[in-house]
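Novice: Knowing the structure of chain Y, use the given hints to seat chain E on it.
Going down the list, the sequences are from chains Y and E. Reminder that position 70 of the first sequence reads as 70 in my numbering, one-by-one numbering, no gaps. Reminder that position 463 of the second sequence reads as 463 in my numbering, one-by-one numbering, no gaps.
FYI, nobody ran anything at the bench for these hints, they're computed from the structure. Ideal Cβ positions, reconstructed from N, Cα and C, are used throughout, including at glycine.
Heads up, simulated BS3-like pairs for lysine-lysine below, C-alpha to C-alpha not over 27 angstroms straight-line:
#1 Lys3(Y) / Lys111(Y)
#2 Lys303(E) / Lys90(Y)
#3 Lys638(E) / Lys303(E)
#4 Lys392(E) / Lys638(E)
#5 Lys303(E) / Lys392(E)
#6 Lys392(E) / Lys90(Y)
FRET-style restraints, in silico, Cβ to Cβ:
#7 Ala24(Y) / Leu310(E): 49 to 59 angstroms
#8 Ala233(E) / Arg46(Y): 33 to 43 angstroms
#9 Glu214(E) / Arg46(Y): 25 to 35 angstroms
#10 Val70(Y) / Leu212(E): 18 to 28 angstroms
#11 Thr113(Y) / Pro416(E): 51 to 61 angstroms
#12 Asn309(E) / Val70(Y): 30 to 40 angstroms
#13 Pro57(Y) / Asn309(E): 42 to 52 angstroms
Calculated Cβ distances over 12 angstroms to all of chain Y for the following chain E residues:
#14 Glu24
#15 Asp34
#16 Ile88
#17 Ser93
#18 Ser171
#19 Leu301
#20 Glu331
#21 Ser339
#22 Arg343
#23 Thr393
#24 Leu536
#25 Val561
#26 Ala662
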Amino acid sequence: MSKCILTVDDSPSMRLLLKASLTAQGFRVETADDGQDGLQRMQEVRPDLLITDINMPKMDGFQLIEAVRVQNEFRGVPILVLSTEFSEEKKARARAAGATGWITKPFDAGKLTAAIRKVCP
Amino acid sequence: MSDSLDEIQAIFFEECAEGLTVVEAGLSAMAAGDVSRDTIASVFRAVHSIKGGSGAFGHAALLAFSHRFENVLDEVRAERLQPEPGVIAVLLSAFDILSDHVAAAQGRASVPVDGPVLAELERVLLGKDELQPVVVAEPEPESAPVDEFGFEPVAVSIEDFDHPAEAAGWSVRFRPSRAALANGGEPLLVIRELEALGARIVQASWSGLPPLRELDCGDGYMDWTLAIPGEVAESDIRDCFDFVASDSVIHIDRAFAEHDEEPASVLPAAPAIVPVTSSSAPAAEPRAASSNAEMTIRVDLPKLDSLLNLVGELVIRNSILADRLSPADQEKVELPQLSRLTRQIQDSVMSLRAQPIRQAFNRVPRMLRDLAAETGKTVRLEVSGEATEVDKTVIERIGDPLTHMIRNAVDHGIEPADRRAAAGKPREGTILLSAEQKGGRIIVRVADDGGGIDRERVRAKAAQKGLIDPDAVLTNEEIDQLICAPGFSTADTISNISGRGVGMDVVRSNIEALGGRVEIASNPGQGTTFTMILPLTLAILDGMIVRLGGQRYVLPLGSVVESVQPAPGQVQAMAPGHEVIELRGQYLPVRRLTDFFGIRAGARPPEDCLVIVIESDTAGLVGLMVDTVDDRREVVIKSLDRNLHPIRGLGGATVLGDGSIALILDIEAIVAPTPRDRIKGLAA
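Chain Y extracted, bound-state conformation (with noise of 0.2 angstroms):
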């Protein structure tokens, strides 16, 4: 059975290409609006990864990734941000909140599949 990533993005069209990307590439994918939504659709869809981005409306990238990695359930899930914020500032706020890693916007297909299998077999 095929991997199932989640992505969080608020942009609907970058939810779109990233789903389409990783459809292409295999993956099962599902999306959510924002935080708020993803952290819901986090339970409902058990996902092997999750691909956030940071600036979102209700809840924002830092306090989703928070809010999934107190449950002990979504402990080993990898976590990859996907930002155009690059400042190292955000980036160790995002690891000390429990990301695994960071792509950066705008990203290609290749960069955003090299990162995936650094963390997901």
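Specialist: Just chain E, lined up with the frame of chain Y:
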């Protein structure tokens, strides 16, 4: 792909349209005077999103332009570039071109000619740079590692072994930390990725595994060593560790090929320190620019400090052994070899704490820009010696004094442009900031080409404040020193910048707390130079053990010139409490340390004492009278507890070889006239 790319693109262009609306609204608000953080951030974010999508959808021209646009906005957002009307006008024309680029990407128009506007954007960025041409290049966002986490690293380089790449393979050691596992990192994937490069596991060590009861499945216990063929680039190996938390053990070494003619030495040479990435150019370059010779590992500072402490203890134990064993026994247990090794370890550990002073210098350019904006004085900064390495503590504590000196130089030193022009100087002021290592000391200079210290005004002010008598006879140097007197401020009007209640006296005491001192040199009309002289290391001191009233004290050997056994009559009293020693036709003042510390040991005749001649910074050559000299040795400086009342003349304590405590003398404090002498006494 499930959804057709065209459909997704259409949605992207809708977002672009929204984004452009936000940009236009934001820039218009800025033009109307609203330069609030939120407005600037909204513009930045909108351009940022357009850039993000354009990259993903392959619109190269749009990506390139939005990237440059974003760079300028980032400068504004970070407050490195003032959103003045001129800058906003450029941003507005950039907005127009951005709209055209979006239209072109949609196929609604042809690709716009963006050269002139790009040049304008470039000019705006350069205009900012003119203030301080030496600024370290900001890392290009695009060249920043895609997936590197921020971390303040302590970088350790292992010397380039200078072997051709194919001669030796790589030896990689990997031990994932608890944090790496807690964040969902999977070591197996890292190892697989390494294996894809041709790695094979040479050793998997589980010696760190605790008994089952104590096993914490969230912790990392395994330790792998892998061999990788030499032709693989180091950057490729490092890439495998991208997502591994930085506190994991990751050693990447060139393994020695077996036929190497020189097994070097058993111990590699003391590792040199690689300039650590500074705060303004964080962690980006080491990997991007990694040559295959340079390797770094990251170590938490507390670990280093505890290592330093342990090594200090080791040094002390060593001297205890040396004290207790007879020379023959010392030879038998090979103590000299052990001591030598200990010293080498100590040197290596000390060098690990050393960091380029660049870290302290980095905030100066930004400060100068702020100051330039506040005072209207443009100042060019020249920096040299920023790679000079100093102890981390020095870097931490030198920041405030440095800030104050720079402020002082701009506020009081550099004249307004008109006055400079009238004096035949360039309108733009210059501040030289330099660092160098000289002997066991670090010299940091802040020199301006301003008007120099206005001695008449300083004098008048000091007299007015009651620091000196109005008719005191003072040398120029003495007047210059007055600006370091507590509570002194020369600003005619309390400016925004200086005159914050922190004066040069605080700078002086901060530097003195580090075991250093401040010197001032001023040339009327030509400028002022502040020189901070700091000890290279804060932990080890080459000391002379002397006795006073039966107790042992440590005198820093660095300032000792010679020791003299006075002949009868060689030491003479000029006045009660003022003795001099005649030395080769020269008279030097002599201070009895027992008197200085109020040790009641009965006055010994000078010929039963020793006079140690020291060279002090404040008082020149001075003789210090001690009972006798015991020994000379390196001591580990322990600071005195903060709860103890500070005693003038004592700089710390140390543990001697026999386990007893000796106090370390602060020579400058002993020979310097007391603050009252220095100021009031001058009038006498």
